[in-house]
Structures are given as C-alpha cells and as structure tokens.
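Here is what each chain is made of, one letter per residue.
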Amino acid sequence: NAGVTQTPKFQVLKTGQSMTLQCAQDMNHNSMYWYRQDPGMGLRLIYYSASEGTTDKGEVPNGYNVSRLNKREFSLRLESAAPSQTSVYFCASSGGETKPQHFGDGTRLSIL
Amino acid sequence: RKEVEQDPGPFNVPEGATVAFNCTYSNSASQSFFWYRQDCRKEPKLLMSVYSSGNEDGRFTAQLNRASQYISLLIRDSKLSDSATYLCVAGGAGGSYIPTFGRGTSLIVHP
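Taken in order, these protein sequences are the chains called A and B.
Position in the first sequence counted from 1, then plus 376, gives you the numbering used here.
Position in the second sequence counted from 1, then plus 31, gives you the numbering used here.
In isolation and in its complexed conformation, chain A is listed as follows:
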C-alpha cells in the first residue's frame, strides 16, 4: 500500500521556470492538501481540495495553482518560480474533516 506518492523528490529550477509537482493517493480519500515547510518553521497550507471537483486557497497561495485531476491526484503548479519558493513541499490526504492526514515523503525544491 503506497499511501501518498509525490514526484519528483528533488528538483532544481531557475528563476522564472515553471513546473508541476504531482501527488497521488491510493487510500480513497476525499480530501487532499499541499503544504510547504521552511527551515525552523511549521507547515503552511498552500491549497487544499475538500473533495473531487473543489479547490480552495490556504494560508500562502500566491504564486501557485492547483488541479484536482480526479479523486486520486492533486497537482501543484509553479507558473514562474521565484527564489522565495525554495522549500520542502508536502502533499497530504485525509478521509474527512475529523480524520488524520497522511503525508507523502515530500519534494525538495530549490530555485536559483
């Protein structure tokens, strides 16, 4: 049982480049989330999708877009990468509003 799978695991971009981070879960969860975590800081929610067909902004959505492709997949896109977006990105899924989240093992993104 793979749980939550993120690709790629590492990526280096130049300022202005675009890329999409992929996330897929096989737990039949309705809700999916994208977080970023910077050194010495907590998790910050970028976007979430409470259920297939819906997406909403979190705490730090600027510079990002998301797509809930189907129930399994939730992608995060950086249209024009900036050095401030250098971070570790975690995708998570949950079976409901009172259920725990399960995290992927992260994408380490550096923007030069």
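Quick caveat, the hints were computed from the structure, so don't treat them as lab data.
Ideal Cβ positions, reconstructed from N, Cα and C, are used throughout, including at glycine.
Each statement offered as a hint is correct.
Derived contacts from chain A toward chain B, CB cut-off under 7 Å, selection only:
1. G418
2. L419
3. A426
4. E473
5. T474
6. D481
Using the hints provided, position chain B relative to the given structure of chain A.
Chain B alone, transformed into the frame defined by chain A:
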C-alpha cells in the same frame, strides 16, 4: 494568531527518562486531535490520535483536557530513536477540512 501553541524545546533527556509535552489550542470547537512525529527533513507521520478518555499506545500516552483546551503526550522509557519533533494537531472545528498544526516540540534523547 497562532491557534495551536507548543513549547519548541529542545527537550534534552537521557535514555530511559519519562518526558511530557503539552500543547494548547484556541478553538474550543475543535473536534479531532492528533500527535505526529517528524524526523529531520522527513514527512510528518501520524503517531496517535487523542481521545477524550485518554489513550495509550505502548510507551506513549495521550490525554485531552477540553476544559483547559490542552493536549498532552507522555513518553515513557525514552529511546534514542524517539529523538524527533512532535507536532500537535487540532481540527474539525465547525466542519472545517483544515486542521491546525503546531510548530512542534523538539526532543533529543541522549545516551
């Protein structure tokens, strides 16, 4: 405004010690509570859910005090492998799909 507060630590304890962490949450309507463990540069992993009656999983005991709005985690007989950051989470308030994570408490267990 931070809704879940934790002492960042670090807590330095010898192997075999008992250590306790507390966490306070501000939203009294929170319905669900969890402790996660996060190793350096790794993803958070669910350690245990926290129930109103308290619950135990091996060396780990979690308690919830709704009146005072705090959650605790007790680790008995600490192991070197328990060294990590422990995240407290409160969620489900008003049907919200967004849980609130604390910033974590760092634990270092030394020989």
